[in-house]
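Going down the list, the protein sequences come from chains W and Z. For the first sequence, the numbering used here gives the first residue as 27, with consecutive numbering after it. For the second sequence, the numbering used here gives the first residue as 27, with consecutive numbering after it.
Calculated from the structure, these hints are not laboratory results. Quantities reported herein were computed from a predicted structural model and do not represent experimental measurements. Don't take every hint at face value.
Chain copies aren't distinguished; within one or between two, either way the pair holds.
Unchecked claim - Heads up, simulated BS3-like pairs for lysine-lysine below, C-alpha to C-alpha not over 25 Å straight-line:
no. : residue 1 : residue 2
1   : Lys297    : Lys241
2   : Lys83     : Lys183
3   : Lys183    : Lys326
4   : Lys297    : Lys370
5   : Lys326    : Lys241
6   : Lys530    : Lys370
7   : Lys470    : Lys370
8   : Lys183    : Lys530
9   : Lys412    : Lys398
10  : Lys177    : Lys241
11  : Lys370    : Lys73
12  : Lys370    : Lys241
13  : Lys398    : Lys83
14  : Lys73     : Lys532
15  : Lys326    : Lys470
16  : Lys345    : Lys83
17  : Lys73     : Lys398
Spelled out from the first residue to the last, the chains are:
There are 2 protein chains.
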Amino acid sequence: MLGLMQSKQLMISSILTHAAREHGEQEIVSAAVEGGMHRYTYADAEKRTKQLANALKALGVGVGDRVGTLAWNGYRHFELYYAISGIGAVCHTINPRLFPQQVAYIINHAGDKYLFVDLNILPLLEALAPHMPRVEGVVIMTDAAHMPETKLAETHKVICYEDLIGAEPETFDWPVFDENTAAGLCYTSGTTGNPKGVLYSHRSTLLHAYAVQMKDVAPVGAADCVLPVVPMFHVNAWGLPYAVPMAGGKLMMPGFRLDGENLTQMMNDEKVTLSSGVPTIWLGLLQYLRASGKRLETVKSLMIGGAACPLAIIEGFGKEFGVSIIHGWGMTELSPVGTLNAPKPGMEDYSDDDRYRHQLKQGRALFGFEMKVVDEDGNEQPRDGKSFGRLLCRGPWVCSAYYNDTENPDGILDDDGWFDTGDVATIDSQGYMQITDRTKDLIKSGGEWISSIELENIAVGHPGIQEAAVIALPHPKWDERPFVIAVRNEGADVDRDGLLDYYKGKIADWMIPDDVVFVDELPHTATGKLLKTDLRQKFAEHKLPTA
Amino acid sequence: MLGLMQSKQLMISSILTHAAREHGEQEIVSAAVEGGMHRYTYADAEKRTKQLANALKALGVGVGDRVGTLAWNGYRHFELYYAISGIGAVCHTINPRLFPQQVAYIINHAGDKYLFVDLNILPLLEALAPHMPRVEGVVIMTDAAHMPETKLAETHKVICYEDLIGAEPETFDWPVFDENTAAGLCYTSGTTGNPKGVLYSHRSTLLHAYAVQMKDVAPVGAADCVLPVVPMFHVNAWGLPYAVPMAGGKLMMPGFRLDGENLTQMMNDEKVTLSSGVPTIWLGLLQYLRASGKRLETVKSLMIGGAACPLAIIEGFGKEFGVSIIHGWGMTELSPVGTLNAPKPGMEDYSDDDRYRHQLKQGRALFGFEMKVVDEDGNEQPRDGKSFGRLLCRGPWVCSAYYNDTENPDGILDDDGWFDTGDVATIDSQGYMQITDRTKDLIKSGGEWISSIELENIAVGHPGIQEAAVIALPHPKWDERPFVIAVRNEGADVDRDGLLDYYKGKIADWMIPDDVVFVDELPHTATGKLLKTDLRQKFAEHKLPTA
């Protein structure tokens with residue numbers, strides 16, 4: 027027997043309709059690429075998004091077509107999110123910080139019909155012009171006054187965004203279709219192999235946006251102002267461009283200048299209450315606040331994800347600035363949020379130190395997201411905060427297959443529908459998950475596992491160390507042994523033996539690395555992750571003193 | 027092109043699975059019908075719910091079967107919510123305060139296979155025994171020690187709840203099926219005609235539960251304790267038995283003693299942060315707090331709905347006790363929440379008086395819920411806070427048809443899918459809706475509409491008036507004119523002319539009622555709504571002095 031409720035499909039377009047109708051006066055403020063602050067309301071955004079939808083149809087963009095964006099967080103990117111998905115096409119957000127050949131690979135693998143590009147990302151596309159023959163045209167996200175000369179015009183149709191939409195009507199009836207229709211596409215910035223595309227649906231996007239704004243995740247109300255530092259080209263800015271208009275909150279789109287000074291000014295000027303970003307961004311902000319003596323006047327909490335958050339950032343914001351750091355975890359494959367570290371009852375009695383240490387964990391599962399840790403045989407590990415293993419997950423906003431993935435034609439789930447995250451983790455008795463490593467970065471020594479991340483975290487606790495990477499090197503007796511590659515803080519004089527001494531008493535003796543080298547900098551992916559593949563190549567011949 | 031996300035059905039059983047797994051240590055505390063406080067955890071609740079699911083299957087309850095409950099808010103009722111829907115059957119919550127003949131009508135119309143009944147509601151069923159021939163058995167929600175003798179045993183199989191589940195295994199694999207499957211059934215307590223059944227689905231229930239816990243509605247986190255005073259037999263206690271476990275919050279189930287003293291004690295003992303109920307409940311609580319000198323030590327806000335909240339309650343809690351009243355609106359047909367009155371930016375600068383007056387409005391639409399006000403021709407009225415008309419709504423948790431409704435075989439929606447709420451309302455420029463009347467209670471005088479609720483609200487503002495009902499009486503010249511039936515406060519000596527004088531300057535002169543009578547009490551439905559049909563009958567022959 028069916029419930030006799032209305033059969034409404036979950037449509038992304040309904041978010042903007044709701045925001046414009048119920049919160050039409052609420053603002054979206056953007057640091058424009060052309061300079062200055064652009065301000066308008068959800069009511070304005072809806073009109074321009076409808077103009078854009080009409081324009082896309084006129085360009086011949088149809089249901090299922092992919093339209094690529096290479097853009098920072100700003101109002102035109104917001105319009106693209108809603109117009110492209112609203113007509114049934116797929117908004118393919120591309121990370122402009124990837125290596126150019128990866129960008130070309132992604133554009134061609136996705137089969138993007140049109141590309142929308144921000145002014146200062148245009149040079150990247152100009153360089154790629156010969157390598158994207160199937161792209162029908164490029165739209166430059168600016169007005170006629172700022173349109174540049176571009177040699178792209180020699181190979182591609184080039185259009186000015188404001189010219190494209192300017193003459194279109196401000197009315198458009200958003201079509202209603204199957205909520206499982208693809209709406210967005212984002213490629214993983216894998217540390218190995220070619221990037222893989224994750225295809226989000228209208229349904230997965232809406233369910234994720236509902237879950238993300240639960241009280242213990244990222245609650246947003248009409249009185250909030252949210253600044254997503256995390257880019258819109260990086261897993262939909264953690265869903266905030268959907269969650270915030272759902273709640274009628276104000277959006278502060280920060281553009282491309284994400285240094286501490288700019289962030290502080292935008293946060294204080296626009297009365298930001300919540301923001302989200304990766305550790306390096308918050309480290310920059312923390313250093314700026316300390317140096318300038320400024321404070322965040324309205325920010326209550328900062329969401330942090332994308333990489334494990336060091337204790338120093340949590341403590342710094344908490345003790346010095348009264349700002350709470352909310353540690354979370356997700357992946358491109360998860361839309362992206364899976365866990366968030368909000369306290370449970372009783373934790374209000376924790377000492378500051380206990381609380382900060384607890385905040386190092388990546389958090390507990392959102393409703394709708396299931397996770398478990400399994401051993402090598404696939405048996406679930408006890409939730410004791412110690413037993414580690416592969417982290418598996420499932421749920422309506424978890425990927426079941428990559429887009430046009432010829433290597434895995436049957437998808438990427440096991441027989442029970444679990445997705446293997448590639449992370450190694452523990453879960454404690456209260457449900458808090460902590461990533462201990464990537465599966466491929468674990469070090470197996472004498473039959474026992476050693477976490478490379480744990481060793482890196484200890485190293486950066488040393489006052490003389492700025493950053494550290496730990497990789498496995500082969501060892502005749504123990505199979506593998508840990509090896510540290512570290513960057514010193516300016517002026518620091520820590521040496522090999524000093525750093526190895528520092529490990530003593532912090533972990534079991536047999537886990538202490540066998541050797542250290544110091545370098546000027548470590549290699550990273552475009553999204554800030556350590557590129558351990560490069561380090562393994564570079565140090566493949568390094569001989570451990572113990573070997 | 028379909029998004030390649032996991033195809034997971036939205037299942038109510040997944041809520042309890044999540045709560046037991048991620049918040050297994052969190053408590054459900056219940057004021058037991060047998061006396062005392064019953065305490066257990068979500069982990070315990072899941073085990074017993076699985077026992078109950080096994081027991082229901084053993085009784086022969088299958089997919090689509092209706093199982094009725096006549097019960098207060100307590101842990102066994104919670105188990106029934108999840109076990110019945112979890113096996114694919116329909117949890118039919120019955121209001122034991124309805125007239126017995128209505129209860130019998132509902133049981134028979136729903137075709138309930140089994141009934142579950144709380145100890146002190148058993149006499150109602152005993153009286154109805156001859157009128158429910160198709161009910162296969164009655165389960166009394168208690169243990170063997172408290173099992174009463176009952177003459178129900180002469181006509182029906184009678185079972186003890188704890189005996190029923192005690193021997194069943196604590197394991198059960200919740201089946202996964204179409205999320206549009208019926209999960210719950212609740213009958214409207216209509217003021218006219220027979221009650222009508224609204225059939226909720228798993229999908230509508232989960233989407234509503236997500237929406238209800240948005241920050242501007244009823245945000246719940248793991249550190250909250252929620253006390254639903256609104257009964258579980260009344261539109262699923264506004265969805266809180268689903269929303270709270272989703273968030274891992276603590277549930278305080280208040281049983282049947284809902285007086286101010288009991289509520290105060292439960293709220294303070296269990297550190298309740300959020301509660302929900304109808305105006306009369308909160309009035310009782312307010313009076314108790316004033317008389318006892320006690321305070322609510324942990325409650326931050328009280329949700330109020332089911333009837334318009336008088337200014338005196340909002341002011342009283344706000345000014346005297348620092349507790350914020352959140353005014354909401356919903357209907358059985360809406361699962362039930364449609365709007366909630368949370369502030370928008372700028373309103374923090376309101377004076378206390380302006381804020382309290384604003385809180386009289388029923389609020390703005392939740393995301394996922396659409397509403398509009400239309401005139402008699404169906405044209406949308408401007409959102410100016412003044413233009414009123416019929417309130418229409420739609421969304422995935424709005425009813426499209428009543429259960430087995432032979433009067434409306436084609437459902438109850440218009441061609442565009444809108445449901446007519448039967449309410450008359452305004453919406454202001456910021457999206458705040460205010461109910462001005464029920465369609466059938468509007469008074470048409472000289473071609474113009476007069477709101478009976480507005481006239482009632484003014485009357486109860488008079489210090490001598492406790493309650494007032496305003497109905498239309500026929501008039502030879504003006505077609506209809508307003509007529510007040512009022513109850514005086516104890517010891518008050520307000521008379522007809524005094525009350526009519528009191529209207530002057532508060533509304534247009536032509537809207538002032540033509541006459542007043544005083545009575546000792548007004549008739550109400552089982553859910554506390556004024557029974558104007560009775561008053562219209564009783565005063566049908568009353569002659570207005572102006573007629």
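The hints, checked one at a time:
1. Lys297 with Lys241: Classified as both; 20 Å inside a copy, 18 Å across copies.
2. Lys83 with Lys183: within (16 Å within a copy, 66 Å between copies)
3. Lys183 with Lys326: Close neither inside one copy (46 Å) nor across copies (59 Å); limit 25 Å.
4. Lys297 with Lys370: between (28 Å within a copy, 14 Å between copies)
5. Lys326 with Lys241: So Lys326 and Lys241 pass the 25 Å test inside a copy (14 Å) and across (15 Å) alike.
6. Lys530 with Lys370: neither (33 Å within a copy, 55 Å between copies)
7. Lys470 with Lys370: neither (35 Å within a copy, 56 Å between copies)
8. Lys183 with Lys530: neither (63 Å within a copy, 71 Å between copies)
9. Lys412 with Lys398: Within one copy only: 14 Å inside, 55 Å across.
10. Lys177 with Lys241: neither (50 Å within a copy, 49 Å between copies)
11. Lys370 with Lys73: between (43 Å within a copy, 22 Å between copies)
12. Lys370 with Lys241: both (12 Å within a copy, 18 Å between copies)
13. Lys398 with Lys83: neither (44 Å within a copy, 30 Å between copies)
14. Lys73 with Lys532: neither (59 Å within a copy, 41 Å between copies)
15. Lys326 with Lys470: This pair counts as neither: shortest intra-copy Cα distance 42 Å, inter-copy 52 Å.
16. Lys345 with Lys83: neither (53 Å within a copy, 56 Å between copies)
17. Lys73 with Lys398: Cα proximity of Lys73 and Lys398: across copies only (20 Å, versus 45 Å in one copy).
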